[in-house]
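Engineer: These are the residues of each chain, in order.
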Amino acid sequence: MEQQLEQLKQEALQKIEAAASVKELNDVRVAYLGKKGPITDLLKGMGKLPADERPKMGALVNVVRETVTTSLEEKMELLEQQAVNEKLEKETIDISLPGRPVKLGNHHPLTRVVEEIEDFFISMGYEVAEGPEVEQDYYNFEALNLPKGHPARDMQDSFYITEDVLLRTHTSPVQARTMASKKGEPIKIICPGKVYRRDSDDATHSHQFTQIEGLVVGEDIRMSDLKGTLALFAKKMFGEEREIRLRPSFFPFTEPSVEMDISCFKCGGSGCNVCKKTGWIEILGAGMVHPNVLKMAGYDPEVFTGFAFGMGPERIAMLKYGVEDIRHFFTNDMRFLSQFNRTEV
Amino acid sequence: MYVSTKWLENYVDTKGIAPADLAEKITRAGIEVDTIIDRSEGLTNIVVGHVESCEKHPEADKLNICQVNIGEETVQIICGAPNVAAGQNIIAALPGAKLPGGIKIKKAKLRGEVSNGMICSLQELGVEGKTVAKAYAEGIYVLPADAKPGTDALSFLGLDDVILEFDLTPNRSDALSMLGVAYEVGAILSEDVKLPKIEYTASNEKAEDVLTLKVEAKEDNPMYVAKVVKNLKVAESPLWLQNYLMAAGVRPHNNVVDITNFVLLEYGQPLHAFDYDRLATKEIVVRHAVEGEKMTTLDDVERTLHADQLVITNGKEPVALAGVMGGANSEVHDGTTTVVIESAYFAPASVRKTSKDVGLRSDASTRFEKGVDPNRVAEAAERAAQLMAELAGGEVLAGSVQFDELDKESVRILLSPDYVNQRLGMKIPMDEMVSILGRLQIPVEAANGQLVVDAPTRRQDLRIREDLIEEIARLYGYDEIPMTLPIGESVPGGLNSFQEKRRLVRRFMESAGLYQAITYSLTSRAESQSFALETAPVTELLMPMSEDRSILRQSLLPHLLDATTYNVARRIDTVSLYETGSVFLGTQEDGLPKEVGHVAAVITGKWVDHAWQQENKKVDFFVMKGIVEGLMDTLGLTDKVTYAKATHDGLHPGRTADILLDGAVVGVLGQLHPTEQKKHDLKETYVMEMNLAMLLAESAEALVYAQVPRYPSMSRDIALVVSKDEAAGSLMDIIQEAGGKLLKDVAVFDLYEGDKVEEGTKSLAFSLTYFDPERTLTDEEVVTRHDKVLAALKEKSGAVLRG
Ligand SMILES: [Zn+2]
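Protein chains in written order, with this note's numbering: chain A, 1 to 345; chain B, 346 to 1148.
Treat the hints as calculated values from the structure; they're not laboratory data. Since we're looking at a predicted model, the values are computed, not measured. Treat each hint with caution, since some may be false.
As the list claims (entries may be wrong) - Rough simulated footprint, nothing fancy, chain A against chain B, three-plus residues with beta-carbon under 8 Å:
| no. | region |
| --- | --- |
| 1 | 346-352 |
| 2 | 832-845 |
| 3 | 856-862 |
| 4 | 882-896 |
| 5 | 928-941 |
Heads up, the beta-carbon is just placed ideally off N, CA and C, and yes, glycines get one too.
Between the sequences and the hints, there should be enough to build the whole structure, so can you do that?
Structural biologist: And the structure:
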């Protein structure tokens, strides 16, 4: 009987091994472990054995049964795994196909530049001040040391609405308005906005463009403060390695007046087409607030001094992104706009 | 202003500094050198030649065979210029010569005759045609008799010169003269300025014996000097003088006119020369024109004058438009023997206005407009008289006829060195400041720790202390200014709530799939009020550049639609743009229009476009409404916003809604009217525009979190058949009201309009969510509540449950 049992075990294990599907395996299970299977038969036939052999044989039968059951379970797990794998194989997709697009728009490049400038100066303690685009001649010119008939008014041919009202030619009237309303308090503002000049639109001129100006007024504001502020700004905006240089210039509302160049961010100063072989790029105009401007706004120029600066986001965007025609900013071609959708850092 | 470095050397020693380096120094010190023009660049092998003989080419009518002495030898050169002749000294470009524009001269044969080079015009050497004397404008240039054959023609013509083109700021009119430039360069290089020596022998006859002067307009003409030169001979100027004029961009005419132009460039003082005999009256009267009076100016244009225009007259009729242009009737001509030299100070405003009114801007008027140096008016007249004696053989009458009430005082400015250093943030020693002002030839004395500065009249830009601070700083060097930051109380910066929320709006619009556009504020009359949310008078330019940009917009949509059309025309079928910007309405008390911030958007084409999975969805009303709803949610305004069916010009009458905030219209959304779509070459297009100022003025409520539900909610769906006209919104209102506090949410989940429901009706399905935050609701409670909802629907809208 022992022999018979061993043979049975070997037979069952072989069939388990040979089973190729869950169904086949189930057949094996029924055949060997089922109620009508040989192992059950053997157990049933135990009664015929002498009493002293029964426990030994009983144990043996159980070992065989467990061995077969374990083997069956292991095989079953394997087959199920295989079945899953086959199913997954069939579910394979082409991962090289494009994904479902996420619908996203983005900032206009000018807004991108303006916000970057705003955020730098906000971090330096500036507030953002805005004012009307249609201005009084007084705030646009007179309060800025440009009385009627001043030759420097030629510099900015303007769009007049009436004799005393015009489209602002710069954002400086916001400075004049802020000074007039702050009545002697210290000021630290940045003024972005649209401005208008009587220019025919071409690759480098636009009758409407953007400006961003800054103004600091306080006791003992020095020209070295202007230089230090602009140097920090240049590094933030154009890279840590940027050097600045100031050149004398002229604006009616500042004295002294300067223009600021930065070392070329493309060639680093050795000379290229961006910097016209000079190594320097003109970025902004600035100066110390003219005493007449302070006086007109009710600040005593003996006590208060200040600095102001102004720049054109179009020019900065053109330099930074290599845009060759200012009209691109106002055409709103989706193929242009959609390029400004990613970070630069 | 063109500055010839060769000419400049007469007044200041530039110590052999290369022109490019000199230009850099000048730029860094304050006057921007725009371009550096090397006049001899690319020119080689160009010599003086003497035409020994000149005969017609036997084979070609227009060609001449010239035998040209070029020093060591005589060579044959074929020349096609009409004015070539034997006996002339000419410019010969020999084989191997290079000319501007990459032209190389080679030995060649022309119709069988050998040509050993080319006889040149000035233009062929790169001289601008408009500066070449008229006699040589159409042919070769003829050199004076003293030119030596075989010598370098470039130095003879003064072309071995580098020109610096100055880009002058309006305050630096002092540099509109060679002497002014010399002062500036002298200060930069610490060199003295060599002023011209004015020496001549005057005749015994006095100017006042032959000429009288009356100034009847003292305000506009506070100084007038007239000198008389007799017995001169009008001729071509010496070459050096012509060369200087050409270098400065001025065309030579004759010695008298050239001398006035030379002195204008040298001193910055415009002069005018009258033919004394043609003046006829021995009298000069300066007055304002009689309204309607006529005169013909040098350019042969007859001009009708106005009463505010200053004229020079001979006592009877105008002979010059003061400071702007001379008259044809008194012009110097070849036969002139006696001239009156006029040097005057005309008030800047007067000249500015006259020159603008008559549309004439000249080298003279631009200088008068800025204000000439009061202390050089008389001197310039003397300088011209001297040159007319030297170069035209004239006899200068003694003295001058003068009127002079001009203030010639310099401006005294007291300056403390501490003040300078405090303003600059520097520590420049006082003697350094004195030295810098000395280099600028600005008289300065140090007394009691103060600088007493007398700003010279040639520097009219120096009026206050700050002007001097700039002079000191720019010559000390802006590179020397340290870098500091403002000292004082530091306050946090930031955006105000409007600015912050406007950024939020932009970010939302972009996250919703729209690209930010920036369009022009100026538009045409036809479009200025299209799509305007409110009716108000327009703001119009006095003098527009074109009709298209003549009025300020009252809506952002017209230009956004133009941008959409632009894109669609370039086969970009899906366009999604938004803009934030101002519209301009009416006129307020201060004379300015009311500027209101708006936000607008346009979408057209496909909203979902995922082709390979066959997922495409065109834009529709509800895409745009979804954007508006999302924006309202972002701004925390959802509970205050309602929508009302509306009609607007330009929008589809059945697909347009007003957007209301607390019951007041803040904007509109809808489909572009099919007629408008056609007009703009657009397919189905949806637009939205809102008053951003109104939206952002409303504050959102404080954000306090609502507890995440601990008890389950229960859902009940209902499908209703209602009249086609019944709005889903009003059904939802009924449901909300009847549902009371237990009804947490109601949502539309199906809309059916087809043949499975009776004609004139539609089926709408809603999903209702019941919930109590305090406990789990029982079935009975929900059923009771739900039945109330159904009853209310039936009663108020006649809605029938769909079977
Ligand atoms: Zn570069």
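Engineer: Run every hint past the structure and note whether it holds.
Structural biologist: Outcome of the hint check:
1. 346-352: violated (count 0)
2. 832-845: Our answer is that it holds, as 11 residues pass the Cβ test (under 8 Å) against chain A, meeting three.
3. 856-862: holds (count 7)
4. 882-896: holds (count 8)
5. 928-941: The restraint on the region 928-941 of chain B holds, since 6 of its residues have a Cβ under 8 Å from chain A and three suffice.
Comparing the model with each earlier hint shows a violation of hint 1 alone; every other hint is respected.
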